[in-house]
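A.B. asks: Okay, here's what each chain looks like letter by letter:
There are 2 protein chains.
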Amino acid sequence: MNTIEFWFDFGSNYSYLSIMRTQRIRRLAADAGVRVVLKPFLLGPIFKAQGWETSPFVLQAAKGRYVWRDMERQCAKYGLRWRQPSVFPRNGLLAARVALHGEGAAWEFDFCEQVMLANFADDREIGDEAVIRAILAGLGVDSDPIVAAARGDACKAGLRARTAAAQSRGIFGAPTFFVGDEMFWGNDRLEDALALAGR
Amino acid sequence: MNTIEFWFDFGSNYSYLSIMRTQRIRRLAADAGVRVVLKPFLLGPIFKAQGWETSPFVLQAAKGRYVWRDMERQCAKYGLRWRQPSVFPRNGLLAARVALHGEGAAWEFDFCEQVMLANFADDREIGDEAVIRAILAGLGVDSDPIVAAARGDACKAGLRARTAAAQSRGIFGAPTFFVGDEMFWGNDRLEDALALAGR
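These protein sequences, in sequence, are chains A and B.
All residue numbers for the first sequence refer to the UniProt record's numbering, where the first residue is 1 and numbers rise by one.
All residue numbers for the second sequence refer to the UniProt record's numbering, where the first residue is 1 and numbers rise by one.
Don't take every hint at face value.
[What the hints assert, rightly or not] Restraint ranges, calculated between C-beta atoms of paired labels, are given here: (1) B:Ala165 x A:Lys77: 24 to 34 Å; (2) B:Arg199 x A:Arg26: 24 to 34 Å; (3) A:Lys77 x B:Ala134: 38 to 48 Å.
Keep in mind the hints are simulated off the structure, nothing from the lab.
In this text, a Cβ means the ideal position worked out from N, Cα and C, and glycines have one as well.
Kindly generate the complete structure, drawing on both the sequences and the hints.
C.D. replies: Encoded structure:
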């Protein structure tokens, strides 16, 4: 079975589009014999290595203005809920550690979707532990051991290694998809990546 | 009849994709009652205002590496010829002045297509007057009066005003499409822009 790796950051608005579409596409992908593997990572260190202290959508005013209008239109096109976050980019550190810990768990994809909806549809602070706990509880899982593991050394080291791997593979933004060594950047390339994986 | 404005720079590789697709789409657009209006401008001053001395594809190494692979794949997808330019970004100043002078002329769209092919399919130096003259001659028009006009004060002032207009309208990259006040950035938004214009 071919695999498509989906690298994303919970603070990235275009990753929100892809996460929501991936939930829908997973069934289609399964029919086409394609497995979607989630790879949460942190964009912050990658931006810092580029000399940027925050998102380019903040640093470049004209692009930033455009992006929020583009998101409105894209969400309308895909039938997704959308509210511009009052804080951007939000800190996805805890969510990423939880997602990393949840790899392969039944709640993995749903957790990622709910965190994205919290950030980009409900304008909630996904950096707050209480928000992350409420999302896990909503999925019917006990948040205590999960949050404890996410705050443990193994998860911390795992996320650092994941982000280092993103950088060494040439990732410079999110979402980024890999099919083998072929890299596709941006939600607009999701179909191309799926087409290649399905071949 | 609705209008879609297509703002582009002759040195911009993603503008190449849109120019080639626009030639094909023009007939479809005409059927849908949509008129495509070309708006050549210069990205250089817009990048400079951002503090960049050249294209972000040069300034950001990882993104640059990705872009050339992406172009190969995109050109294959659209059935377009492609050769990575040995000089990037090329200076589109003279070509933009000629295109500005040619607005509404029968050769306007074909000239833009041929300049883009010279740059991105045949790796020719579009900053050379001889290359521009050969393209005009190939289209069966007398290049002498056109190049003379392109080098005249009116064309120079016209292109400066055009680039200032791009900046004041919030353009930060190319290609950019406008349908009324709705701005769409990137070749990946051409279909969305056409859909809005065709409504």
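A.B. asks: Now tell me, hint by hint, if it's right for this structure.
C.D. replies: Okay, the hints, checked on the actual structure:
| no. | hint | verdict |
| --- | --- | --- |
| 1 | B:Ala165 x A:Lys77: 24 to 34 Å | 28 Å, holds |
| 2 | B:Arg199 x A:Arg26: 24 to 34 Å | 32 Å, holds |
| 3 | A:Lys77 x B:Ala134: 38 to 48 Å | 43 Å, holds |
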